[in-house]
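*Asks:* Each chain is listed here by its residues.
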Amino acid sequence: MRRALLAGSALALLVLAGCSSSGNDQPKPSDLNNAPKVGQYQGFGLLPPLPRPSFTLTDTSGKKFSFSQTAGRPTVLYFGYTNCPDICPTTMADIAQAVAQVPAAVRAKTDVVFVTTDIKHDTGPVIATWLRHFDTALPNRFIGLTGSQGQIDAAQAAAHVTLAEDGGQTHATDVLLYGADDYAHVKYLQSDNEADQIAHDLPLIAKTA
Amino acid sequence: MTWTWTSIRPWLGTVARLVLGVVWIWAAWSKLGDPRGFVQAVRAYDATPEWLSKAIGYGLPTLEICLGVLLVVGIVTRAAAIVSVPLLVVFLIGIIQADARGLKLTCGCFGGGGTTTGGTSYTLDILRDVGLLVLAVFVVLWPLTRISFDEFLGRNDYVEPPSAKRLRSDQGQRKYNALLEARRKEAQVRTRYVTGSLAIVVVLVSVIGIGVQANRAKIQGDLTATNASVQNGVVVGKAAPVTVDVFEDFQCPICLQFEQSAHTDVAAKIKADQIQVRYHMMAFLDSASSGNRYSSRAANAALCASDVNVDTFAKYHDILYGKDTSGKQVQPEENANGRTDTQLIGYARQAGITGDNLTTFQTCVNTEQHKALVEAITENASKRGVSGTPTVMVAGKKLGTVDKASLDAAIAAAAAKAPKPTTTPSTTPATSPSGSGSSTATPSP
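Same order as they appear, the protein sequences are chains E and C.
Okay, so the first sequence: first residue is 4 according to the numbering used here, each after it adds one.
Okay, so the second sequence: first residue is 16 according to the numbering used here, each after it adds one.
Please note that a few of the clues may not be correct.
[As the list claims (entries may be wrong)] Derived DSS-like pairs (lysine-lysine); straight-line CA-CA distance at most 30 Å:
{"hint": "1", "chain 1": "C", "residue 1": "K343", "chain 2": "C", "residue 2": "K419"}
{"hint": "2", "chain 1": "C", "residue 1": "K180", "chain 2": "E", "residue 2": "K123"}
{"hint": "3", "chain 1": "C", "residue 1": "K412", "chain 2": "C", "residue 2": "K119"}
{"hint": "4", "chain 1": "C", "residue 1": "K233", "chain 2": "C", "residue 2": "K413"}
{"hint": "5", "chain 1": "E", "residue 1": "K210", "chain 2": "E", "residue 2": "K112"}
{"hint": "6", "chain 1": "C", "residue 1": "K413", "chain 2": "C", "residue 2": "K119"}
{"hint": "7", "chain 1": "C", "residue 1": "K398", "chain 2": "C", "residue 2": "K432"}
{"hint": "8", "chain 1": "C", "residue 1": "K200", "chain 2": "E", "residue 2": "K66"}
{"hint": "9", "chain 1": "E", "residue 1": "K67", "chain 2": "C", "residue 2": "K200"}
{"hint": "10", "chain 1": "C", "residue 1": "K200", "chain 2": "E", "residue 2": "K123"}
{"hint": "11", "chain 1": "C", "residue 1": "K398", "chain 2": "C", "residue 2": "K233"}
{"hint": "12", "chain 1": "C", "residue 1": "K119", "chain 2": "C", "residue 2": "K386"}
In case anyone wonders, no lab produced these hints; they're calculated from the structure.
Let's have the full structure, built from the sequences with the hints guiding it.
*Replies:* Here it is as structure tokens:
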């Protein structure tokens, strides 16, 4: 009798648990996106971490720029295009906001690199004008890069992001954050609190050396 | 499942890699234990200068071990196979040149080596090396094999190809090629680092190996004896117009034949002061006595006999190449148990060693007192180009064929050229039965 009662209550508990997990308490995908919390980072932890890629492109003033120039410094790497209606400007704004939030010492060291995926439209001056919308209040100007289609493809492949298509308009939204140890331990996807996540993690990866 | 070339090739590669690797390790293992012996085997090829013989003798086994381990583990497989190819080619050249010049060698590939008394197996050696060469070339051509470390390192290099339809589009093909190129570059950089660092490790290990082996090859112990020296062995007879160097091993059956045919004649010539004979008793056939090192122990016992006096040495030497009191041949069969120390002491009684001398002799045999001297005499002989026994030099010139007739002819020729005694007094130890304590026993390093 007693055993049956126990079994019954256990069953009831199970049902309850089942209900609650399939009920309204279930987090929305966007919630998960907003607070992934992998390890000590608030962004998506990368295991194994991705090594800092090496690629050479052209900067907004037309000079050669090798990504290895940023070695040893906290670096944000993002692929997008300036004509972008939503994700790219929001992401750039989030990055700018995050960099503005972190301690001044970290801010002074941090580089932000934007690589265009739409080489037809995004010439040096176009990228420069676009980037100035975001970085005016910051100590380091954002670095805008372009190049030939082959170079852009190679850069994306080296950074292990999905290669852009449709003239660069379908592109990876990953924001890769390379630390002082030249590894990306964490990346970010477009979300409501991307800026806070980056601001939280940036001082952490600035220390890893 | 159908077997296709592409599906079995990596497995064939695994087999090739493992066979080659195991052979390297096995070859090295059997040589590591006897560094001096292997240097002597290299010298026997008579194709390298002394410094190179030493470098090969001490360094090669370590290098072989390294290659073997790399191949068995399957890391930097291609580099290890690439290094294996010239090594095997050099071995092949060594064997073929030895064969062409009529040297009778055992290859020393797996320890041992030197001139052989029995038949050679050049054809087999050459076939084996060619087989290994084929395996090495296979691995060089297709280095990625199953169950290898290389396979593990490259596990993330794979790029999933897009669908056939996408691959036909410019965009799809472009993306695929870009990804392939990126992964290929990453693999290249990785290979460069892994190969570079392992190459440094292998070089360091080989250099250390040369040092360790050279150190182990050093002869340690007392190199002095009353009537024997490293350079001259035991000198029998007074200073005479012609000096004869005889290099023998008590285990060697051809030495036995030579001694039995020539020894009466040689003894007579010594007595007549026509020749002076330096007996260099070598020990390099230890492996032919089922592990009881008859060569070394017999050579040691002969030197112990020489401590009594040179005549006793001559008698003892003749007994070891003759018969014991019961008429049995003293020299043991090859690959049978060698004579025991007790038997060696018995032969001393037969040679007329008695009293205190016998006690000293017993201690000398039981403690192998002249072990280091025997090793030094063997090493010295090898340095002088003696790669097998019997070797006889008349007035410093090596006899082509060692038998009584050519020995007599050479002695006659040398005597005609040098009517006066050519030997220096310092190489003439006392031949009086009392034995001279001041006779030369110059230890050489």
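*Asks:* For this structure, which hints from the list above don't hold up?
*Replies:* As far as the earlier hints go, not one is violated by this structure.
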